[in-house]
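Here the structure of chain A is known, so what remains is to put chain D in place on it, guided by the hints.
Chains as they are written, first to last, in the working numbering: chain A, 8 to 309; chain D, 151 to 820.
These aren't lab readings, by the way, just hints derived from the structure by calculation.
From the three backbone atoms N, C-alpha and C, an ideal C-beta is built for every residue, glycine too.
It is possible that part of the hints are untrue.
[Said to hold, decoys possible] One-sided excerpt, in silico: chain D residues whose CB lies under 7 Å from chain A:
id, residue
1, P746
2, A757
3, P761
4, E762
5, T764
6, M794
7, F795
8, E797
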Amino acid sequence: MHTEIQLVEQQLNRIILGKPQQIRLALTCLLAEGHLLLEDLPGMGKTTLAHALAESLGLSYRRVQFTSDLLPADLTGFSIFDARSQQFSFQPGPVFSQVLLADEINRASPKTQSALLEAMEEHQVSVDGETRPLPAPFFVIATQNPLFHSGTNALPESQLDRFLIRLSLGFPDRDAELQLLQQDASASQHRIVPALLSTERLIALQQQIPRQQISDEVLGYVLDLIGHSRKRSDMLPLSPRAAKGLVRAAKAYAFLQQRSFVTADDIQAVFPAVAEHRLQPRQQQQYAGLAQQLLLETPCLV
Amino acid sequence: MLSSPLQLRLWLVQLALLVLLADAFMLWSLGIYAMLLLAKLPQLYSPQPQSLRPVWSLTLSNVMATLIVAALLLFNLSGGLLHLMIHFLLLAAILRLLGFRNNELADFRQLNWVHYFLIACCFILNQSLAMALLIFALLLLQLSCHYLGFAANGSRLPLNNALKLSLWFVPLWLGLFLVFPRLSPLWQLPLSQQATTGLGDELNPGSIEQLVESDELAFRVEFSGSRPGPAELYWRARIYDQFDGRSWRMSERAEPARFDGLRAPPPSITGYRLVAEPHQQRHLFSLGIPLQVPGDLRVNTQGLLSTRQPLSQRSSFNLRSALLPLPSEPGLQYSWIAPARITAKNRPAKTPPSLAQYLALPDGNPETRALAAKLASEAQTPQALVALIGRHLQQGYRYTLTPPPLTGQQIDQFLFKSQAGFCSHYASATSFILRAAGVPSRIVGGYLGGEWRDNASYLQVRQRDAHAWVEYLQDGQWRRFDPTLMVEPDRLNSSLDQLLSAAELLRLQGNWAERMAWSKRLLQQLEDLDYYWSRWVLGFDTDRQQDLLATLKQWLQQLQLLDWRFLMKILLVLLTLPLLLLALRHWQQRRRQPIPLWLQQQLLPFARKSPELTMQQFLRQLSSSFPQAQDEIRAVDESYQRLMFAEETTVLPQLKRQTKQLRKALRRPT
Chain A
8 MHTEIQLVEQ
18 QLNRIILGKP
28 QQIRLALTCL
38 LAEGHLLLED
48 LPGMGKTTLA
58 HALAESLGLS
68 YRRVQFTSDL
78 LPADLTGFSI
88 FDARSQQFSF
98 QPGPVFSQVL
108 LADEINRASP
118 KTQSALLEAM
128 EEHQVSVDGE
138 TRPLPAPFFV
148 IATQNPLFHS
158 GTNALPESQL
168 DRFLIRLSLG
178 FPDRDAELQL
188 LQQDASASQH
198 RIVPALLSTE
208 RLIALQQQIP
218 RQQISDEVLG
228 YVLDLIGHSR
238 KRSDMLPLSP
248 RAAKGLVRAA
258 KAYAFLQQRS
268 FVTADDIQAV
278 FPAVAEHRLQ
288 PRQQQQYAGL
298 AQQLLLETPC
308 LV
Chain D
151 MLSSPLQLRL
161 WLVQLALLVL
171 LADAFMLWSL
181 GIYAMLLLAK
191 LPQLYSPQPQ
201 SLRPVWSLTL
211 SNVMATLIVA
221 ALLLFNLSGG
231 LLHLMIHFLL
241 LAAILRLLGF
251 RNNELADFRQ
261 LNWVHYFLIA
271 CCFILNQSLA
281 MALLIFALLL
291 LQLSCHYLGF
301 AANGSRLPLN
311 NALKLSLWFV
321 PLWLGLFLVF
331 PRLSPLWQLP
341 LSQQATTGLG
351 DELNPGSIEQ
361 LVESDELAFR
371 VEFSGSRPGP
381 AELYWRARIY
391 DQFDGRSWRM
401 SERAEPARFD
411 GLRAPPPSIT
421 GYRLVAEPHQ
431 QRHLFSLGIP
441 LQVPGDLRVN
451 TQGLLSTRQP
461 LSQRSSFNLR
471 SALLPLPSEP
481 GLQYSWIAPA
491 RITAKNRPAK
501 TPPSLAQYLA
511 LPDGNPETRA
521 LAAKLASEAQ
531 TPQALVALIG
541 RHLQQGYRYT
551 LTPPPLTGQQ
561 IDQFLFKSQA
571 GFCSHYASAT
581 SFILRAAGVP
591 SRIVGGYLGG
601 EWRDNASYLQ
611 VRQRDAHAWV
621 EYLQDGQWRR
631 FDPTLMVEPD
641 RLNSSLDQLL
651 SAAELLRLQG
661 NWAERMAWSK
671 RLLQQLEDLD
681 YYWSRWVLGF
691 DTDRQQDLLA
701 TLKQWLQQLQ
711 LLDWRFLMKI
721 LLVLLTLPLL
731 LLALRHWQQR
741 RRQPIPLWLQ
751 QQLLPFARKS
761 PELTMQQFLR
771 QLSSSFPQAQ
781 DEIRAVDESY
791 QRLMFAEETT
801 VLPQLKRQTK
811 QLRKALRRPT
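Chain A on its own, in the form it takes in the complex:
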């Protein structure tokens, strides 16, 4: 059952060592048709993970390094005048790919950030008064440096909300790092990651996710969690979009566990990744534990 996706997971685990839970959450995010935000210090493997994800799933991807002078047109593309045909012709930007890897998204100006975020939400881009649809599937995997780093523009709350899941890889443990260093000696810098899934197959899998079963009791628990966040004054309340995202992510997570129904454990497993960046956008992930607090304080009746 869904062996392809298991294989993808195993392959990713061979590339990013010692982070099975983060890899599962990243896959969850893609299966749930959400965008992924990776937040970490430089050099922790964010870009590697993004690459490996795109390649394993057999998707075309473009990488854009965000800088402070990046313009919206650099992302979306622009029309140039062709002297030979005496016409403007559209040059599609990197956003017209199945996976856009937006590296260091918080280095770009707010204007560029919002151009990308429009594409993320609408799955289309308007250039020169013409609306152009983006390919399907369309993922944005953005990475960002911690906010205390110089030259960063924090993403506003409304835009953070567009990311289904925020992940932080964190340092590998000692064994994983040792293995990493050993691999460095044996393998070349560039490894070829074989594609294990076709685009059609991925879309088919994604379409199975909403059909996962979720009982009223579990939905009740979700509502309890969401409702609890709305009663607290020290965090932002979770929006209905967040609630929908939580349920979708939990369904995808259950799917990855080869189950056709969602358990309360699934909710608890995806909740921090889905909710934390919506609860307290200004806070660094490594300092915050608001989502954990909510989990501790909300009684689970199932």
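Showing chain D alone in chain A's frame:
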């Protein structure tokens, strides 16, 4: 995890227990226990509920317990076994709360039952209605602890249901109260260290006045037949027969012999029920000659009633009295001849030794002796002498609660100088005159009259009704003479309050509540309520129970419809019916209970689910602490998932079966 509201409530229960059981404690042990309770307090109010770890380690608790138990054994052995046991139990409970471990259900279980036991112990030390209500409130608090401690997390106390349930139990509860056998106490109540109240062993010129200032209840009486008139309501309690020139004492000879009853049957007998307040003394109160007393009481030759042990609880007694003068001790042949009339011929035989004590007088008081001689010369019989004394007292004597202090020759000073006094002064002077004239006499201490309450259905006697009068011997009978009546004839028919001056009255009514009409009325109604509480609830003893059952049987026989035995069986069924219905309801409710709560309840004896854990996390936790049940836990987990998440309702029976097996496996030793 046991939450902090539970610990707070347990702490409150212990505090209330310490207050209610304070009578069993000495000052130092009370202090130590209060300090131990205080040690818990800061933790209860700490902001973080997660910090509710044991305040003290087990070792420290044990060391403290050993020290305190050693101190108790050293200093409190005289306090009696019951008090010692109460000390031990409360100490154990307090230390257990100090070392309370959040996740240990066993800790709570022990504490819970010990608390119930201690609450029951409160009834040994307190019996009044107000206290009973307080103890009941405490019981409710403990019940809420019980619920908090054992209920599954996330369930809320269904107050409505609880109330309905209690109503169901009322008939059963009443039935048990009525038919449950009354066992005599298995233990001896220890003698209280409290001061005695009421009449003491000594009658000083000032002692009755002091008593009269107290508003405290002495005893209450309900008459079964006709009520005696006011002139008969002389409640005898003590006899003072030794005079040392200042105060009268009870003679210190051995216990007087038992009174062996009247020779001829009395013309009429007055039956009454006496509800005496605890006064820590052995004497009781009776009218005239008490006859046919209950087995645990005795009557001595002086006609006084006493209990075997000092009265330390409110108790009630069924008594019967003949309202007659008490016959003198058997073998006492004596007839009085006025000293002036004594000639060689009629000189009486030597005074019998048993009479000598009623004639003994110290030296002094010459003027009184002269008066006695003068009056005796005019009298033919003791009765005539008493009448003469009465007439003398009617000339210029004054009845007051605040007489001038007496010094030196006290009787002389009182009779010829101050001429003002209270009942004890008059009784003392009269008895002196009688003895000086050769008439055997003694002072009786007791109570006069009382207040008819609640449409005269019972008589309430307070310390303020304390009184002293004289008994003198004539024709083989001890006759009563109340010299106070000569001075203040209204004392018989009106309460003391009406006889005293305004200033004296103010001195009596120290209680502010007594001064206001409405609060006085309220107080009176509360007193009435308290009386009926002791009459019908505390006083419901084996006799009354048998009376009731006999009446019931008679009543059923009168109906003549069916065999009364059959009817009793029906009654029994009616009483147990609520129980059966309850069981049925309980069973139905269980079926409607949500599955997660049900499963938690099933596993509660083994582990408690933290509220934030999912059921599966809880089961994993369970599996790590009970490795022997791993397989069963896995099976339950799987069925639970299928039922709750995949919504396969048909799995329910399987889950129930597997849960049963799991419980069995959890009980298995590792």
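Status of the hints after comparison with the structure:
The interface hint given for P746(D) is met, as the beta carbon of that residue sits about 5 Å from the closest beta carbon of chain A, less than 7 Å. Hint status for A757(D) relative to chain A: violated, with the closest Cβ pair at about 16 Å, above 7 Å. Annotation: interface hint on P761(D) holds; nearest CB of chain A at approximately 4 Å, less than 7 Å. The interface hint given for E762(D) is met, as the beta carbon of that residue sits about 5 Å from the closest beta carbon of chain A, less than 7 Å.
Hint status for T764(D): holds, given a least beta-carbon distance of 4 Å to chain A, under 7 Å. Of the supplied interface hints, the one on M794(D) holds, with its beta-carbon coming within about 6 Å of a beta-carbon of chain A, less than 7 Å. Hint status for F795(D): holds, given a least beta-carbon distance of 4 Å to chain A, under 7 Å. Look at E797(D): its Cβ gets to within about 5 Å of chain A, closer than 7 Å, so that hint holds up.
Hint check: a violation occurs at hint 2 only; the rest are consistent with the structure.
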